Every structure is written in structure tokens, then in C-alpha cells.
Amino acid sequence: MKKRWLLIPLGAAAVVLVWLALNPERRGAVTAALGLTTPPAAAAKKKPICDYPVNPKVAAPVDCIPQHLANLPPDPGPEGKLTIDGIDSDKDGMRDDVQRWIAMEWGHSPIAVKALTLVAQGKLFEVHHGGELGREETRKLGPDLMLKSVCAFELRTPEMQSARAYDKVKNVVTNTPERWKRSRDFDQHFANSILDLPNVTAAEACGFDPEALAIAEGTQTIASQLRTESAARKEPEEPEQQDKEQK
Amino acid sequence: MKRALVGALCFSVGVACAANINPLLAKSDVCGRYEIFHINGIMTDREEAGQNLRQIGVVYGNSYKEHLIYYGLGYNQTRGFASDLYDSALQVLKGYDGATWDNFMSYVTFGTLSPYMPATTAQAVAKKVADLYAFTKPSAYQDQDLADILYDIKARSYPHSRIVFVPHSQGNLYANLVYDKLIAEGVKPKKSLGVVGIAVPYSSVRSGNTYITSGNDFVIDMTRIVGSILGPNITIPYQPLVDVLGHNLINIYLANSTVKSMLISRMTSEFGALKTTAPDPTGGIMSQAHAYKCGEIEGGPYAWTVYVPACKVGIPDDRTTPTWHKNVIMNYFLIAGGGEGYTQHAYGTGTFAELEAYNKAHSTGCYNWWIADRKAWITKHKYVPYSGNYEEFNTYPSCGPGFPRQTPYGNPDAAWKIYSADTYKYVSNNQTSNFAPTGEVVFWNNQWTRQAVCNR
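First to last, the protein sequences are chains F and R. Counting in the numbering used here, the first sequence runs from 1 upward without gaps. Counting in the numbering used here, the second sequence runs from 248 upward without gaps.
Possibly wrong hints are sitting among the right ones.
As the list claims (entries may be wrong) - Far from chain F, by Cβ distances over 12 Å, these chain R residues were calculated:
1) Lys-341
2) Pro-406
3) Ser-450
4) Ile-481
What the hints assert, rightly or not - Derived CB-CB ranges, DEER-like:
5) F:Met-104 / R:Ser-451: 47 to 55 Å
6) R:Asn-267 / F:Ile-215: 17 to 25 Å
7) F:Lys-47 / R:Gly-478: 54 to 62 Å
8) F:Thr-201 / R:Glu-432: 35 to 43 Å
9) F:Asp-90 / R:Val-489: 30 to 38 Å
10) F:Lys-47 / R:Ser-504: 44 to 52 Å
11) R:Lys-341 / F:Lys-47: 46 to 54 Å
12) F:Ala-216 / R:Asn-267: 19 to 27 Å
13) R:Asn-267 / F:Ala-163: 27 to 35 Å
14) F:Asp-51 / R:Thr-359: 56 to 64 Å
15) R:Pro-484 / F:Glu-159: 18 to 26 Å
16) R:Asn-456 / F:Glu-178: 38 to 46 Å
17) R:Glu-432 / F:Lys-181: 33 to 41 Å
Source of the hints: derived by calculation from the structure; they are not laboratory data. These numbers come from a predicted model, not from an experiment. Backbone N, C-alpha and C fix where the C-beta goes; we use that ideal spot for every residue, glycine too.
Full structure from sequences and hints, please.
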């Protein structure tokens with residue numbers, strides 16, 4: 001009988017140990033609560049937020065936290081993959097792991113954050129609705145989705161292109177077989193159809209001027225580079241000369 | 248040869264065949280619209296395919312010979328394919344002892360054999376991967392796929408349009424099938440369809456093998472060792488960090504300046520060689536006048552400059568400012584009637600509906616309408632002879648209050664559609680003439696009339 005009572009605390013201890021092992025963040029919190037270590041978030045908060053723009057990829061500050069890395073939601077870890085929509089703890093419409101990836105990889109670049117957020121939102125939408133919406137309902141979304149594609153193209157910079165940032169953020173969003181399948185199912189509704197390319201300016205597609213954003217960052221979008229090339233290719237016309245001849 | 252000449256002409260004489268124009272100043276499409284359909288390859292999701300199309304549009308421009316181009320994406324998402332060719336190849340390689348990506352790639356790219364990659368193994372791997380991606384197995388498309396895309400093209404494409412397909416990779420196969428089907432089902436005639444293939448993994452491209460394939464495109468090289476396909480015609484520097492396969496449309500092909508130039512010239516050549524099926528509008532009457540912002544209109548009924556306040560309704564006349572502002576956006580203007588030798592006064596510019604409403608509310612006489620700043624053509628049966636001693640062919644007059652429309656003034660249904668043609672010819676008394684006015688002046692009194700001629 002005594003031995004049985006002994007098994008209960010031993011079993012409980014085993015459960016706690018397994019639980020802690022499977023949830024690193026909770027384990028950290030427990031150990032911190034027991035005074036064994038400092039919680040990571042608390043440790044991070046000890047540093048002030050940098051009051052200047054920082055690109056941690058170029059020169060990571062040691063005395064402050066870059067603004068774009070402050071106030072990020074916690075890493076959801078494996079739990080973030082348990083459901084289709086994952087965890088969005090700050091309820092900003094962006095899955096926490098995706099939000100963190102964008103901030104950590106490209107947070108130093110406002111135009112990249114805009115672009116990758118747009119691309120990620122599109123993919124998250126597909127994942128959420130893939131398998132739910134029917135063909136006709138999905139196809140009705142075509143014009144809006146094409147407009148977003150145009151905006152994504154207009155925001156693309158050489159830095160993003162060479163790093164294949166769009167591909168990577170899409171891979172972050174569709175990081176489980178089920179998410180990948182739902183995104184594919186969503187796209188499947190458009191298979192063998194024609195999608196019109198909207199004839200709009202970059203600003204009309206995005207609702208803001210992508211080029212201004214790029215210039216503010218000291219870069220140029222690929223679309224802008226292409227247009228510059230295109231303009232250089234054209235020979236100048238001289239309509240006024242013709243007009244004078246007419247007279 | 249003809250296509251090459253058309254392309255060469257467009258660039259050598261500086262005519263901006265492909266360019267970006269203000270859509271509001273585009274010619275209308277009496278001879279049929281110009282349309283471009285991009286068909287993506289596999290491993291391309293819809294969002295990326297949309298971006299690819301936009302980039303093609305930015306590279307080529309929104310117009311061909313001042314006609315706005317319609318761009319459409321024929322979305323190619325075939326069923327059951329693996330998601331990534333590189334991963335698929337790695338999986339296939341696992342089935343062969345000692346075979347690695349590097350020695351497979353060495354064989355495909357340089358023909359270099361190794362003990363673990365004899366030719367038979369390389370060919371077997373390439374065949375399996377190519378089959379996975381339907382490069383050698385067209386049966387992956389089902390009849391319903393083609394029926395669906397055909398239905399959509401029918402719905403989107405304008406009658407008499409000229410279409411150039413710009414497919415990438417496996418989209419070339421799809422384009423070939425769609426091309427054949429469009430012709431077989433009588434949706435489009437062969438003479439109105441062109442193709443410029445990019446990264447072509449097949450032995451032919453419809454409409455004359457116009458294509459662009461890089462010698463450093465690993466996917467195409469791999470397909471080459473298992474079948475006869477079109478040879479490379481450009482070498483894009485290999486950039487493994489950008490795309491290990493050297494195959495991506497936007498990151499590899501369209502990022503290369505030579506490819507961009509090739510694409511523009513080949514698309515222009517294709518368009519130049521295509522024929523419309525539009526009825527020949529010869530016999531129509533051209534009417535054209537240049538409009539200048541708050542300045543002048545040239546090309547009045549008597550072939551002299553007419554000074555008018557060609558401003559938007561409600562904007563003060565500033566005819567005293569003789570500054571020429573070309574390319575102002577204006578569709579119609581309203582010109583007061585007057586005898587020969589009188590200055591024609593315009594009340595303003597705007598849409599037909601705006602000016603019609605303005606005129607009916609305010610004017611005290613009948614007015615004729617002019618169509619401005621567009622190479623415009625009014626169909627023959629809309630020709631409205633004036634009852635007086637001279638003819639005018641603008642329109643039936645729009646009358647103000649108390650001035651009912653007179654007879655035999657024209658057909659109230661007179662079309663206000665504006666047309667334009669590919670080219671013009673000049674006729675006098677129905678005889679074609681060599682006379683070639685330098686300006687844009689309309690000649691009256693049944694003397695010289697510009698006529699629209701579709702490039703058939």
C-alpha cells in the first residue's frame with residue numbers, strides 16, 4: 001500500500017518532466033518562477049528600445065533592442081502548427097510565427113515589411129479558405145487577388161528578389177502539409193481560367209506609392225528600374241515640329 | 248523573315264511599337280484588340296504568376312502602336328505534380344547508388360560522366376523527373392482543362408483580336424494545346440495567333456518557333472538529354488544563389504537585359520505579323536483634330552487653325568495663351584455652327600454625355616460635334632450630309648432649347664463610338680491616291696478623305 005502512494009508523486013513528477021520537455025517556453029517560465037533563471041522576455045525588456053533605425057543584419061546593436069523587434073509576439077513553437085490558422089496572440093491578423101519571421105528577417109526595411117506582409121496575408125487567406133470556398137466563390141476573388149499581385153510586384157526590390165524573400169515567406173506560411181494543401185486547393189479553383197491583369201498604376205494597385213517608399217529607403221523597386229529602362233529605350237518624339245509643319 | 252523585318256522596322260526607325268502610353272489617349276480598336284496571354288509553368292503559384300505577368304507588361308509596355316494591350320493570365324495549375332523540381336530530382340536520385348545532385352548536374356550541364364552517374368543513369372533520372380513534370384507526358388492535361396481555358400478565352404478575348412501567347416516552361420505545352428484548340432474549334436484563325444515561348448522544353452513552339460531559352464537553364468538541359476527539344480539561343484549567366492535551376496522566369500529570364508530586349512522585339516514581330524479578322528472599314532471617314540489644353544484646335548472643317556477655348560466645361564477660355572499643350576485628355580468637343588470662314592467656337596470638352604447635357608441646357612443654336620485628339624473614324628452609314636452647300640461629316644447637330652433637330656439631319660442613333668485603324672489611306676472621289684498630307688487635317692468638300700484600313 002505504501003508503495004502505491006509512492007507511485008503517485010513519482011508519476012506526477014514524470015508528467016511534469018515530460019510537459020516541461022515538450023514546451024520549452026513554459027519550462028523557461030517555470031524555471032524562472034522558481035528563481036532558477038531569468039525569463040527571456042524579461043531579460044530582453046531590460047534593454048531599452050533603440051531610438052534610431054537599426055539594421056541588425058549589418059550592425060546588431062548591443063545596448064538596445066531594434067524598434068522592429070520590440071513588442072513582437074512570443075514564438076508559438078510547435079503549438080503554432082497544431083491548427084490551420086495557428087496562433088495570432090496579438091490579434092493583428094498575422095500569424096505570430098509569420099509576423100516574427102518578417103520582423104526578424106526584414107524588419108529593418110519598411111518596404112520589405114509592407115511587401116512581405118502583403119504576400120503573407122494573401123497566402124494566409126488561401127490557407128484559411130482553401131477547401132472551404134467553392135470554385136465560383138473563389139473565382140469572384142480573382143480581380144482583387146490580381147490587384148494584390150500587381151502591388152507585390154511593384155514593391156519588389158532587388159534585395160528582396162535576390163534573397164527570394166517572397167518564396168521564403170510563403171514557405172513560412174505554408175509550413176505544414178495541411179496548410180500547403182489548402183493553399184494549393186485554393187489556387188486549384190483558378191486553374192485553366194483567365195485572370196485579367198488590372199491596368200492600374202503602382203499607386204492605384206497598392207493604395208500608396210511604392211516608389212516613394214523605396215526612395216525613402218535609398219533603394220529602387222524593380223518595377224521602377226524597368227520603367228526607367230523602358231523610357232530610355234524610346235526615342236523622343238517631336239510633336240511640336242510636326243505641328244509647325246502642319247500650320 | 249517578315250516578322251524579323253517588322254521587328255527591325257519598329258526599332259530601327261524609332262517608332263515606339265511597344266511603349267507605355269496614357270490609356271485615355273490610346274487608339275480604339277476598330278481592327279481588333281491586341282491581347283497578350285501569359286501561361287505560367289509549374290512550380291508557380293497564382294500570385295507569382297500574376298507578378299510574372301505584370302513584369303512582362305512593364306517590360307513590354309501597355310501598348311502596341313498606340314493601342315492599349317490587354318494582358319491576361321492563363322493560369323496553369325495541373326493536377327498532381329510535385330511542388331519543387333529540385334526536391335523531386337533529389338528524391339529520384341536516392342534510387343540510384345552513389346548518384347548525387349552534383350554528378351547529375353555535371354552530366355546534364357557539361358556532359359561529364361562519373362562512376363556513379365553513367366549516361367544510362369542520368370538519362371533514367373532525367374526521364375523520371377521530366378515525366379513527373381509532364382515535360383514528356385502531355386496526357387497530364389485532361390480534356391476538361393482545355394475546355395475550361397478555351398471557354399474563358401472565348402469570354403475574355405475580343406472579336407477580331409490578335410493574340411500573342413507568352414508561355415514559360417511547361418506552360419509552352421499548354422500554349423501549344425490551347426493554340427491548336429482555338430484554331431480547331433474556329434474560335435480564332437491561325438493568322439491572328441502568335442507565340443513567344445520562354446524556356447521551352449519541347450521540340451517546337453507554335454506559330455514559327457519564336458522562343459527564348461537559356462543555355463544555363465538546368466531544367467531545359469535535363470529535358471534535352473531525354474528528348475529532342477529546341478536549342479538554347481541565349482546564355483544567361485548561371486546564378487546558383489538566385490535559382491539553382493537557372494529556370495525561374497522573373498528572377499532569371501526577365502532579370503536579364505538581353506532577354507528583355509529579345510522579348511520585346513519578338514513580341515513586336517509577332518504582333519506585326521498577325522492579321523485581324525475585322526471587317527475592312529474602308530469607306531469610312533476620318534475625322535481628327537488635335538486638341539490643346541485651353542488653347543487651340545487644329546484641323547477644323549476648313550483646314551485651318553481654329554481658335555477655341557478647348558477647355559473642360561466651366562474652365563475659363565484662355566485662348567490668349569498660345570501655349571501648345573499636346574496630349575491633353577479629351578474625348579469630344581462641341582463646336583458652334585457657323586458659315587464658311589467663320590471661326591468655330593468650342594464650348595468645352597468632356598464626355599459626350601457631359602457636353603450633350605451642357606449644350607441642351609445652355610446653347611441657343613445647333614452644334615456639331617467633333618471628335619478630338621484621337622485618330623477617329625466614323626462609320627460610313629453615320630455620314631450625315633448637310634443640307635446646305637457644303638458637306639460636313641461630323642454628326643447630327645445637338646440642339647439647344649427651342650431648336651428642334653432639323654431634317655435631314657442624321658440618325659439619332661449615330662454611333663458615338665470612336666474607332667481607329669491600323670493604317671490610313673487617302674482617297675479622292677473614291678480613288679486611292681498617293682497624296683499623303685503631312686498633317687492631321689481633315690479635308691472637306693468631298694475632296695480628300697482619310698480612310699481606315701485594317702491590316703488584314
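Hint-by-hint comparison with the structure:
1. Lys-341: holds, 20 Å
2. Pro-406: holds, 16 Å
3. Ser-450: holds, 24 Å
4. Ile-481: Non-interface label stands for Ile-481 of chain R: nearest chain F Cβ at 18 Å, farther than 12 Å.
5. F:Met-104 / R:Ser-451: 47 to 55 Å: Cβ of Met-104 of chain F to Cβ of Ser-451 of chain R: about 48 Å, so the range 47 to 55 Å holds.
6. R:Asn-267 / F:Ile-215: 17 to 25 Å: holds, 20 Å
7. F:Lys-47 / R:Gly-478: 54 to 62 Å: holds, 60 Å
8. F:Thr-201 / R:Glu-432: 35 to 43 Å: Holds, since Thr-201 of chain F and Glu-432 of chain R (Cβ atoms, about 37 Å apart) stay within the stated range.
9. F:Asp-90 / R:Val-489: 30 to 38 Å: Distance hint for Asp-90 of chain F, Val-489 of chain R holds at roughly 34 Å.
10. F:Lys-47 / R:Ser-504: 44 to 52 Å: holds, 46 Å
11. R:Lys-341 / F:Lys-47: 46 to 54 Å: holds, 47 Å
12. F:Ala-216 / R:Asn-267: 19 to 27 Å: About 24 Å separates the Cβ atoms of Ala-216 of chain F and Asn-267 of chain R, which means 19 to 27 Å holds.
13. R:Asn-267 / F:Ala-163: 27 to 35 Å: holds, 29 Å
14. F:Asp-51 / R:Thr-359: 56 to 64 Å: holds, 57 Å
15. R:Pro-484 / F:Glu-159: 18 to 26 Å: holds, 19 Å
16. R:Asn-456 / F:Glu-178: 38 to 46 Å: For Glu-178 of chain F against Asn-456 of chain R, whose Cβ atoms are near 43 Å apart, the range 38 to 46 Å holds.
17. R:Glu-432 / F:Lys-181: 33 to 41 Å: Distance hint for Glu-432 of chain R, Lys-181 of chain F holds at roughly 34 Å.
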